[in-house]
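> I would like the entire structure built from these sequences, with the hints used as guidance.
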Amino acid sequence: MNILLIQYKMIGDVLTSTIIAEQLKIIYPDAQIHYLISKTALAVVEGNTAIDKFICVDNKEFDSWRGVFTLARKLKKNNYSISIDAYGKNNSALLSRIVGAVQRIGYKKWFAPWVYTTAIKNSPDSAIYKTGLSLGSRLLLTTSLTQNVQWDLLPKIHLSESEKQEGKKWLLENGLDLNSPITMVSALGSSMNKTLPLIYMAQVVDLTVQESGSQVLFNYLPSQKDQAFEIYNACLPETQKHIFINAITPSLRDYLKVLHHCTTVIGNEGGAINMGKALDIPSFAIFSPWINKRSWNAGEDGKKHISVHLKDVKAELYGTKKASAFKKQAQELYQHFKPELMFENLKKFVDGNY
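Residue numbering for the sequence shown follows the numbering used here, beginning at 1 and increasing consecutively.
If you're looking for bench data, these hints aren't it; they were derived computationally from the structure. Heads up, some of the hints might be wrong.
Below, computed lysine to any residue pairings styled on SDA-like, alpha-carbon distance capped at 20 Å [stated by the list, open to error]:
(1) Lys348 to Lys241
(2) Lys169 to Leu154
(3) Lys322 to Phe54
(4) Lys39 to Phe54
(5) Lys348 to Tyr318
(6) Lys164 to Gln32
(7) Lys25 to Ser81
(8) Lys241 to Glu230
(9) Lys77 to Val57
(10) Lys108 to Ser137
(11) Lys53 to Pro29
(12) Lys348 to Lys322
(13) Lys77 to Lys108
(14) Lys241 to Asn179
(15) Lys74 to Gln32
(16) Lys293 to Lys322
Now the structure itself:
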(Lines of atoms letter the chains of each structure in order from A; the text may use other names.)
(Lines give C-alpha, C1' and ligand atoms only; values in the text may rest on other atoms or scores of the structure.)
Protein backbone atom coordinates (compact mmCIF):
# COMPACT_ATOMS: atom_id res chain seq x y z
CA MET A 1 0.00 0.00 0.00
CA ASN A 2 1.46 3.35 -1.09
CA ILE A 3 0.44 6.67 0.45
CA LEU A 4 1.40 10.10 -0.91
CA LEU A 5 1.76 13.03 1.50
CA ILE A 6 2.16 16.47 -0.08
CA GLN A 7 3.52 19.52 1.73
CA TYR A 8 6.17 21.03 -0.59
CA LYS A 9 7.19 24.10 1.50
CA MET A 10 8.04 26.06 3.72
CA ILE A 11 10.67 24.47 5.97
CA GLY A 12 8.59 24.90 9.12
CA ASP A 13 5.52 23.50 7.40
CA VAL A 14 7.44 20.53 5.98
CA LEU A 15 8.68 19.74 9.48
CA THR A 16 5.24 20.17 11.05
CA SER A 17 3.51 17.90 8.53
CA THR A 18 5.75 14.98 9.48
CA ILE A 19 3.24 14.30 12.26
CA ILE A 20 0.82 13.23 9.52
CA ALA A 21 3.34 10.62 8.42
CA GLU A 22 3.76 9.52 12.04
CA GLN A 23 0.00 9.07 12.38
CA LEU A 24 -0.21 7.21 9.06
CA LYS A 25 2.44 4.73 10.24
CA ILE A 26 0.39 4.10 13.37
CA ILE A 27 -2.70 3.38 11.28
CA TYR A 28 -0.93 1.50 8.47
CA PRO A 29 2.40 0.17 9.83
CA ASP A 30 3.19 -1.72 6.63
CA ALA A 31 2.36 1.12 4.24
CA GLN A 32 4.97 2.92 2.17
CA ILE A 33 4.77 6.64 2.96
CA HIS A 34 6.07 8.95 0.22
CA TYR A 35 6.58 12.61 1.20
CA LEU A 36 6.61 15.28 -1.53
CA ILE A 37 8.62 18.30 -0.41
CA SER A 38 10.89 21.05 -1.69
CA LYS A 39 14.52 20.03 -2.13
CA THR A 40 15.55 22.81 0.25
CA ALA A 41 13.52 21.27 3.10
CA LEU A 42 14.99 17.76 2.99
CA ALA A 43 17.52 18.49 5.74
CA VAL A 44 14.86 18.88 8.44
CA VAL A 45 13.15 15.55 7.73
CA GLU A 46 16.06 13.24 6.90
CA GLY A 47 16.19 10.21 9.16
CA ASN A 48 12.47 10.22 9.97
CA THR A 49 11.56 6.54 10.12
CA ALA A 50 7.87 7.20 9.43
CA ILE A 51 8.77 8.29 5.90
CA ASP A 52 9.89 5.62 3.44
CA LYS A 53 10.66 7.83 0.46
CA PHE A 54 11.22 11.54 -0.10
CA ILE A 55 10.07 13.02 -3.40
CA CYS A 56 12.13 16.19 -3.60
CA VAL A 57 11.06 18.74 -6.19
CA ASP A 58 12.20 22.21 -7.19
CA ASN A 59 10.29 25.31 -8.24
CA LYS A 60 10.49 24.40 -11.92
CA GLU A 61 8.67 21.14 -11.28
CA PHE A 62 6.00 22.45 -8.94
CA ASP A 63 5.37 26.13 -9.69
CA SER A 64 4.30 25.71 -13.31
CA TRP A 65 1.32 23.80 -14.71
CA ARG A 66 3.54 21.95 -17.15
CA GLY A 67 5.85 20.88 -14.33
CA VAL A 68 2.93 19.67 -12.22
CA PHE A 69 1.48 17.65 -15.12
CA THR A 70 4.85 16.02 -15.81
CA LEU A 71 5.44 15.21 -12.13
CA ALA A 72 1.90 13.88 -11.66
CA ARG A 73 2.16 11.49 -14.60
CA LYS A 74 5.40 10.15 -13.14
CA LEU A 75 3.89 9.68 -9.66
CA LYS A 76 0.73 8.07 -11.03
CA LYS A 77 2.79 4.95 -11.73
CA ASN A 78 3.09 4.38 -7.96
CA ASN A 79 -0.62 3.48 -7.74
CA TYR A 80 -1.29 5.34 -4.50
CA SER A 81 -4.17 4.12 -2.36
CA ILE A 82 -4.30 7.38 -0.40
CA SER A 83 -3.02 10.90 -1.01
CA ILE A 84 -3.10 13.67 1.58
CA ASP A 85 -2.64 17.26 0.40
CA ALA A 86 -1.42 19.22 3.41
CA TYR A 87 -0.14 22.05 1.19
CA GLY A 88 -3.59 22.91 -0.10
CA LYS A 89 -2.68 25.16 -3.03
CA ASN A 90 -3.82 25.06 -6.65
CA ASN A 91 -0.74 23.19 -7.82
CA SER A 92 -0.85 20.52 -5.11
CA ALA A 93 -4.58 20.08 -5.67
CA LEU A 94 -4.04 19.55 -9.40
CA LEU A 95 -1.27 17.07 -8.64
CA SER A 96 -3.58 15.17 -6.27
CA ARG A 97 -6.28 14.95 -8.91
CA ILE A 98 -4.02 13.72 -11.70
CA VAL A 99 -2.13 11.21 -9.53
CA GLY A 100 -5.55 9.75 -8.86
CA ALA A 101 -5.22 7.94 -5.54
CA VAL A 102 -8.30 5.93 -4.60
CA GLN A 103 -8.82 8.17 -1.57
CA ARG A 104 -7.74 11.81 -1.94
CA ILE A 105 -7.83 13.91 1.23
CA GLY A 106 -7.45 17.68 1.52
CA TYR A 107 -8.88 20.80 3.14
CA LYS A 108 -12.27 22.25 2.22
CA LYS A 109 -11.57 24.91 -0.41
CA TRP A 110 -13.37 26.12 -3.51
CA PHE A 111 -11.68 23.48 -5.66
CA ALA A 112 -12.16 20.60 -3.18
CA PRO A 113 -15.26 18.99 -4.82
CA TRP A 114 -13.37 18.51 -8.09
CA VAL A 115 -10.15 17.27 -6.50
CA TYR A 116 -10.62 15.35 -3.24
CA THR A 117 -12.79 12.40 -2.29
CA THR A 118 -12.68 13.62 1.33
CA ALA A 119 -12.54 17.34 2.17
CA ILE A 120 -11.80 18.31 5.77
CA LYS A 121 -12.79 21.61 7.36
CA ASN A 122 -9.64 23.20 8.78
CA SER A 123 -10.98 23.90 12.27
CA PRO A 124 -8.83 22.26 14.97
CA ASP A 125 -10.48 21.69 18.33
CA SER A 126 -9.29 24.53 20.57
CA ALA A 127 -10.16 22.38 23.60
CA ILE A 128 -7.43 19.96 22.52
CA TYR A 129 -5.02 22.55 21.16
CA LYS A 130 -4.59 25.34 23.67
CA THR A 131 -1.44 26.14 21.67
CA GLY A 132 -0.16 25.16 18.25
CA LEU A 133 -3.31 24.98 16.15
CA SER A 134 -1.15 24.20 13.12
CA LEU A 135 -0.56 20.74 14.60
CA GLY A 136 -4.27 20.12 14.90
CA SER A 137 -4.78 21.29 11.32
CA ARG A 138 -2.41 18.58 10.12
CA LEU A 139 -3.85 15.74 12.15
CA LEU A 140 -7.40 16.62 11.10
CA LEU A 141 -6.42 15.29 7.68
CA THR A 142 -6.19 11.78 9.18
CA THR A 143 -9.57 11.77 10.92
CA SER A 144 -11.31 10.01 8.03
CA LEU A 145 -8.79 7.16 8.32
CA THR A 146 -9.01 6.41 12.05
CA GLN A 147 -11.06 7.13 15.16
CA ASN A 148 -7.91 7.05 17.28
CA VAL A 149 -5.92 10.10 16.22
CA GLN A 150 -2.87 10.65 18.42
CA TRP A 151 -3.45 14.35 19.05
CA ASP A 152 -0.30 14.65 21.15
CA LEU A 153 2.12 13.95 18.27
CA LEU A 154 4.87 16.54 17.88
CA PRO A 155 7.37 17.13 15.05
CA LYS A 156 10.83 15.73 15.73
CA ILE A 157 14.17 16.13 13.99
CA HIS A 158 16.27 12.98 13.86
CA LEU A 159 20.07 13.19 14.08
CA SER A 160 22.46 10.26 14.18
CA GLU A 161 25.08 10.01 16.92
CA SER A 162 27.80 10.72 14.38
CA GLU A 163 25.98 13.89 13.29
CA LYS A 164 25.75 15.04 16.90
CA GLN A 165 29.50 14.51 17.24
CA GLU A 166 30.07 16.51 14.06
CA GLY A 167 28.10 19.38 15.59
CA LYS A 168 30.21 19.24 18.73
CA LYS A 169 33.40 19.24 16.66
CA TRP A 170 32.25 22.29 14.68
CA LEU A 171 31.54 24.23 17.86
CA LEU A 172 34.97 23.45 19.28
CA GLU A 173 36.69 24.36 16.02
CA ASN A 174 34.92 27.72 16.07
CA GLY A 175 36.09 28.48 19.59
CA LEU A 176 32.97 27.83 21.64
CA ASP A 177 33.08 26.36 25.13
CA LEU A 178 30.77 23.36 25.44
CA ASN A 179 30.73 23.73 29.22
CA SER A 180 29.11 27.17 28.98
CA PRO A 181 25.63 28.03 27.70
CA ILE A 182 25.16 28.66 23.99
CA THR A 183 22.26 30.69 22.61
CA MET A 184 21.18 30.39 18.98
CA VAL A 185 19.57 33.61 17.78
CA SER A 186 17.02 33.58 14.97
CA ALA A 187 18.32 36.98 13.98
CA LEU A 188 16.33 37.43 10.78
CA GLY A 189 13.01 36.10 9.59
CA SER A 190 12.24 34.63 6.18
CA SER A 191 11.13 38.10 5.05
CA MET A 192 11.23 41.62 6.46
CA ASN A 193 7.58 41.43 7.50
CA LYS A 194 8.61 38.56 9.78
CA THR A 195 11.72 40.29 11.15
CA LEU A 196 11.88 42.34 14.34
CA PRO A 197 13.57 45.71 13.66
CA LEU A 198 17.30 45.08 13.81
CA ILE A 199 17.99 47.63 16.54
CA TYR A 200 15.30 45.97 18.67
CA MET A 201 16.84 42.54 18.12
CA ALA A 202 20.19 43.90 19.28
CA GLN A 203 18.58 44.94 22.56
CA VAL A 204 17.05 41.47 22.96
CA VAL A 205 20.51 39.93 22.51
CA ASP A 206 21.99 42.45 24.95
CA LEU A 207 19.54 41.50 27.70
CA THR A 208 19.97 37.78 27.06
CA VAL A 209 23.73 38.03 27.45
CA GLN A 210 23.46 40.31 30.49
CA GLU A 211 21.13 37.89 32.24
CA SER A 212 22.77 34.60 31.20
CA GLY A 213 26.41 35.26 30.27
CA SER A 214 25.75 32.98 27.30
CA GLN A 215 27.81 32.55 24.18
CA VAL A 216 25.81 33.57 21.10
CA LEU A 217 25.48 32.26 17.56
CA PHE A 218 23.44 34.02 14.87
CA ASN A 219 21.35 32.03 12.42
CA TYR A 220 21.37 33.82 9.07
CA LEU A 221 21.83 33.13 5.37
CA PRO A 222 24.88 34.40 3.44
CA SER A 223 22.55 36.85 1.66
CA GLN A 224 21.58 38.27 5.07
CA LYS A 225 25.14 38.87 6.26
CA ASP A 226 24.94 42.67 6.13
CA GLN A 227 21.76 42.69 8.22
CA ALA A 228 23.25 40.23 10.72
CA PHE A 229 26.27 42.49 11.15
CA GLU A 230 23.95 45.47 11.57
CA ILE A 231 22.45 43.71 14.59
CA TYR A 232 25.91 42.79 15.86
CA ASN A 233 27.19 46.36 15.54
CA ALA A 234 24.13 47.68 17.39
CA CYS A 235 24.83 45.40 20.37
CA LEU A 236 26.74 46.68 23.39
CA PRO A 237 30.54 46.20 23.23
CA GLU A 238 30.34 43.74 26.13
CA THR A 239 27.66 41.74 24.31
CA GLN A 240 29.75 41.62 21.13
CA LYS A 241 32.45 39.72 23.03
CA HIS A 242 29.96 36.86 23.45
CA ILE A 243 28.84 36.72 19.79
CA PHE A 244 30.56 34.42 17.31
CA ILE A 245 29.34 36.43 14.36
CA ASN A 246 31.40 34.68 11.68
CA ALA A 247 30.58 31.15 12.81
CA ILE A 248 28.14 30.06 10.10
CA THR A 249 27.36 26.44 9.25
CA PRO A 250 27.74 25.43 5.58
CA SER A 251 24.32 23.78 5.25
CA LEU A 252 20.95 23.44 6.93
CA ARG A 253 21.73 19.90 8.09
CA ASP A 254 24.99 21.14 9.61
CA TYR A 255 23.03 23.89 11.34
CA LEU A 256 20.83 21.25 12.97
CA LYS A 257 23.89 19.34 14.17
CA VAL A 258 25.03 22.51 15.93
CA LEU A 259 21.59 23.55 17.17
CA HIS A 260 21.32 20.22 18.97
CA HIS A 261 24.05 21.39 21.37
CA CYS A 262 22.58 24.85 22.06
CA THR A 263 21.06 25.73 25.41
CA THR A 264 18.22 27.74 23.89
CA VAL A 265 17.02 29.29 20.64
CA ILE A 266 15.57 32.81 20.71
CA GLY A 267 14.43 35.42 18.22
CA ASN A 268 12.09 35.74 15.26
CA GLU A 269 9.42 33.05 15.16
CA GLY A 270 9.79 30.80 12.15
CA GLY A 271 11.78 27.86 10.90
CA ALA A 272 14.67 28.28 13.34
CA ILE A 273 12.34 28.25 16.35
CA ASN A 274 10.37 25.28 15.01
CA MET A 275 13.59 23.35 14.42
CA GLY A 276 14.72 24.09 17.95
CA LYS A 277 11.46 22.77 19.37
CA ALA A 278 11.77 19.64 17.22
CA LEU A 279 15.18 19.08 18.84
CA ASP A 280 13.62 19.60 22.30
CA ILE A 281 15.48 22.87 22.88
CA PRO A 282 13.87 25.66 24.96
CA SER A 283 12.64 28.52 22.80
CA PHE A 284 11.75 32.19 23.13
CA ALA A 285 9.83 33.25 20.01
CA ILE A 286 9.05 36.79 18.89
CA PHE A 287 6.03 36.68 16.60
CA SER A 288 5.50 38.96 13.64
CA PRO A 289 2.57 41.32 14.31
CA TRP A 290 0.51 39.79 11.49
CA ILE A 291 1.03 36.08 12.26
CA ASN A 292 -1.60 34.19 14.25
CA LYS A 293 0.24 33.24 17.43
CA ARG A 294 -2.13 30.40 18.35
CA SER A 295 -1.32 28.58 15.12
CA TRP A 296 2.41 28.33 15.73
CA ASN A 297 3.05 28.53 19.50
CA ALA A 298 3.04 24.75 19.92
CA GLY A 299 4.22 23.52 23.29
CA GLU A 300 4.12 26.93 24.95
CA ASP A 301 4.11 26.38 28.69
CA GLY A 302 5.34 29.67 30.14
CA LYS A 303 8.72 28.20 31.02
CA LYS A 304 10.50 25.98 28.49
CA HIS A 305 8.71 27.56 25.55
CA ILE A 306 7.61 31.20 25.71
CA SER A 307 6.42 33.46 22.92
CA VAL A 308 5.54 37.14 22.69
CA HIS A 309 3.19 38.91 20.28
CA LEU A 310 2.41 42.60 19.89
CA LYS A 311 -1.31 41.86 20.20
CA ASP A 312 -0.72 40.53 23.73
CA VAL A 313 0.60 43.89 24.92
CA LYS A 314 -0.94 46.39 22.48
CA ALA A 315 -4.33 44.90 21.66
CA GLU A 316 -5.76 48.35 20.97
CA LEU A 317 -3.69 48.55 17.78
CA TYR A 318 -5.70 45.68 16.30
CA GLY A 319 -9.22 46.65 17.29
CA THR A 320 -11.56 43.83 16.31
CA LYS A 321 -9.45 42.63 13.38
CA LYS A 322 -7.43 39.43 13.23
CA ALA A 323 -3.65 39.71 13.15
CA SER A 324 -3.57 38.34 9.60
CA ALA A 325 -5.36 41.46 8.35
CA PHE A 326 -2.25 43.52 9.09
CA LYS A 327 0.28 41.83 6.81
CA LYS A 328 0.84 44.98 4.77
CA GLN A 329 1.23 47.04 7.94
CA ALA A 330 3.72 44.67 9.58
CA GLN A 331 6.66 47.07 9.37
CA GLU A 332 4.63 49.88 10.92
CA LEU A 333 3.33 47.66 13.71
CA TYR A 334 6.82 46.34 14.45
CA GLN A 335 7.83 49.87 15.47
CA HIS A 336 5.39 49.59 18.37
CA PHE A 337 6.91 46.28 19.54
CA LYS A 338 9.63 47.87 21.64
CA PRO A 339 11.99 45.44 23.41
CA GLU A 340 10.99 46.60 26.88
CA LEU A 341 7.53 45.16 26.20
CA MET A 342 9.03 41.68 26.04
CA PHE A 343 11.79 41.98 28.64
CA GLU A 344 9.73 40.62 31.55
CA ASN A 345 9.00 37.42 29.62
CA LEU A 346 12.57 37.21 28.35
CA LYS A 347 13.99 37.45 31.87
CA LYS A 348 11.56 34.76 33.00
CA PHE A 349 12.73 32.56 30.12
CA VAL A 350 16.41 33.09 30.90
CA ASP A 351 15.90 32.41 34.61
CA GLY A 352 14.19 29.10 33.84
CA ASN A 353 16.48 27.76 31.12
CA TYR A 354 20.10 28.74 31.82
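> Next, verify each hint and record whether it holds.
For each hint, the structure was consulted:
1. Lys348 to Lys241: 24 Å, violated
2. Lys169 to Leu154: Outside the cut-off at roughly 29 Å; violated.
3. Lys322 to Phe54: Violated: Lys322 and Phe54 sit about 36 Å apart, past 20 Å.
4. Lys39 to Phe54: Status holds; Cα separation ~9 Å.
5. Lys348 to Tyr318: 26 Å, violated
6. Lys164 to Gln32: Violated. Lys164 to Gln32 sits at ~28 Å, over the 20 Å cutoff.
7. Lys25 to Ser81: Holds, because 14 Å separates the two Cα atoms, which is no more than 20 Å.
8. Lys241 to Glu230: Given pair Lys241, Glu230 holds - Cα atoms ~15 Å apart, limit 20 Å.
9. Lys77 to Val57: 17 Å, holds
10. Lys108 to Ser137: 12 Å, holds
11. Lys53 to Pro29: Distance of about 15 Å is within 20 Å: holds.
12. Lys348 to Lys322: With Cα atoms ~28 Å apart, Lys348 and Lys322 exceed 20 Å; violated.
13. Lys77 to Lys108: Violated: Lys77 and Lys108 sit about 27 Å apart, past 20 Å.
14. Lys241 to Asn179: Distance ~17 Å between Lys241 and Asn179 Cα, so the pair holds.
15. Lys74 to Gln32: 17 Å, holds
16. Lys293 to Lys322: 11 Å, holds
Hints 1, 2, 3, 5, 6, 12 and 13 from the earlier list are contradicted by this structure; the remaining hints agree with it.
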